[in-house]
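Engineer: Here the protein sequences come in this chain order: U and P. Our numbering applies: residue 1 is where the first sequence begins, and numbers increase by one. Our numbering applies: residue 1 is where the second sequence begins, and numbers increase by one.
The reader is advised that the hints may include incorrect statements.
Treat identical chains as interchangeable: a pair holds within one or across any two.
Claimed, not checked - Straight-line Cα separation of at most 20 Å, EDC-like style, residue types lysine to aspartate or glutamate; simulated pairs:
(1) Lys263 x Glu207
(2) Lys98 x Asp308
(3) Lys325 x Glu190
(4) Lys164 x Asp271
(5) Lys15 x Asp144
(6) Lys62 x Asp210
(7) Lys150 x Glu269
(8) Lys325 x Glu200
Just so you know, these hints were derived from the structure itself, not from any lab.
Chain residues, written in single-letter form:
Number of protein chains: 2
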Amino acid sequence: MKTRIGIYGYGNLGKGVETAILQNPDTELAAVFTRRDPATLTIKTSGVPVCRAEDAAKFQGKIDVMILCGGSATDLPVQTPALAALFSVVDSFDTHAKIPQHFAAVDAAAKAAGNIAVISVGWDPGLFSVQRVLAGAALPEGKDYTFWGKGVSQGHSDAIRRIKGVADAKQYTVPVPTALEAVRRGDMPELTARQKHTRECFVVPEEGADRAQIEREIKEMPNYFADYDTTVHFISAEEMRRDHAEMPHGGCVIRSGVTGDGKYRHTIEYDLTLASNPAFTSSVLVAYARAAKRLADRGESGCRTALDIAPALLSPLSPEELRAKLL
Amino acid sequence: MKTRIGIYGYGNLGKGVETAILQNPDTELAAVFTRRDPATLTIKTSGVPVCRAEDAAKFQGKIDVMILCGGSATDLPVQTPALAALFSVVDSFDTHAKIPQHFAAVDAAAKAAGNIAVISVGWDPGLFSVQRVLAGAALPEGKDYTFWGKGVSQGHSDAIRRIKGVADAKQYTVPVPTALEAVRRGDMPELTARQKHTRECFVVPEEGADRAQIEREIKEMPNYFADYDTTVHFISAEEMRRDHAEMPHGGCVIRSGVTGDGKYRHTIEYDLTLASNPAFTSSVLVAYARAAKRLADRGESGCRTALDIAPALLSPLSPEELRAKLL
């Protein structure tokens, strides 16, 4: 019996989930939900209904897991609890600071309805979180580092686009090589935000825009850029299309620590090199949808995160196959 | 309430578990069991009983989890099922091919007694297995590679020591740099054993031993060396003590694969650099003992592997702390 998946929101992430389902023969797409007019949407999978978001409830019993593909700022805080009252759900909520409050809201809704919800799935939060916990358990005396990039930060790109005179923008987060080397060597340095990452911005200015003013506004923007060494490159719309169309990302989690009598220093490193951030995140979402179905089938309910999911639950292989082949 | 741990077998691994317990304030050492005369054993922790292995049963109710620190060849296949009938247990059984049969024997004993057993814990099998499953779930279309080293292989060192004329020996497994680079690049090459690793042997010959004969016997030894490019260095006992006293190891698990429409290639890499293999493995064993206690406290029983353990169970932090700090 395949896991019947619903996609709620058909942007980059929703499209990625659709193609990821095609790579996982034990899953199938049951329906796509959109806030746009369904008639305007063409999806890849033939014979699958495209429906209005508000009609989701009609699919109870026809969908095992709804994957929520909206944004963390305004969509998911509302949608995940609402949908968790109807289905088992998976989301990629990634506003780290607001996870406890999102968890509480989703947990209440999922428990009341007897559904499973897995929130904050993806690579960070998600796979990186799993690595931080595994490494911290294996090396209790040590220090964790997370580096992001080189990759496109959606949030920082959006922040630049909101500046007056900016037609388009893309921001790359880049780890500082010397900092990364020191961490890999096991030096366990104390690093400020500025010492860990630089920010590289590619900006298409509107005609006649004040470039110096745009550059100043970017570099002085609090939280986003003020604490970093930031470079701004002005490029044409044509260059943006040609050189910056994709959304690569990645990064690493490194923990360095000592065991026992302090004599032995060990290093654990986890690296992701992703050609497309949304394509990879979507693929991870589908694996966690498989786990959500299995937990729901056991009669469990409530909210979970990647930290609560045993690795075996994510795999299409049976426990016996996993022990024989991958252990 | 601390997790009370028993150590069964006081070699390198047992000593490592003892020091790892000191790094984990929510655990405590309850007793050490040995097949030697307990009077001949001096342990680090004061006030903890050192007992004869056959007296373990007397400690039921005083030990939450027994960590088995014997070898996989002859000790664990007998000891783990026997001890799982008395306690919740954790072992580091690492004979990959025999894991299904070990699992079955331990599962039967643990279930009958209502205990939890976690077998094959460490880094491979163990953390590496977890990585293979996570990466396989995230990238269902792809290829896995495991490289070991540079590090000391206990089994290969022992095999050399059994050769006539060898006083002592240490064997390092070394990944082939060009193979590793091709995998990291995402080439997804097909690699034979010989193309992935070389074997470097340091041998102390007995006086008057036939070195040419020893070298030939090593290089032609089936399974261990015949399928690899092997180098043999003859050194003095003094050089062995000075340069090869430690047991460093490590390696990496790499999965490279494509998502969705095949357009995007991604790479996931997990690296361990371990100054001491037994010290690190011991530390991992203690983290899984914490998980075993938690599963037993929930009333679960039977055999588990690292693939069945949710990351959060390994951490001393509460689920709330984990979500707030590490997710």
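Engineer: Would you mind marking each hint as holding or not holding in the structure?
Structural biologist: Results of checking the hints against the structure:
no. : hint            : in the structure
1   : Lys263 x Glu207 : neither (62 Å within a copy, 34 Å between copies)
2   : Lys98 x Asp308  : within (18 Å within a copy, 29 Å between copies)
3   : Lys325 x Glu190 : between (41 Å within a copy, 18 Å between copies)
4   : Lys164 x Asp271 : neither (37 Å within a copy, 45 Å between copies)
5   : Lys15 x Asp144  : neither (34 Å within a copy, 26 Å between copies)
6   : Lys62 x Asp210  : neither (55 Å within a copy, 75 Å between copies)
7   : Lys150 x Glu269 : both (16 Å within a copy, 16 Å between copies)
8   : Lys325 x Glu200 : neither (43 Å within a copy, 28 Å between copies)
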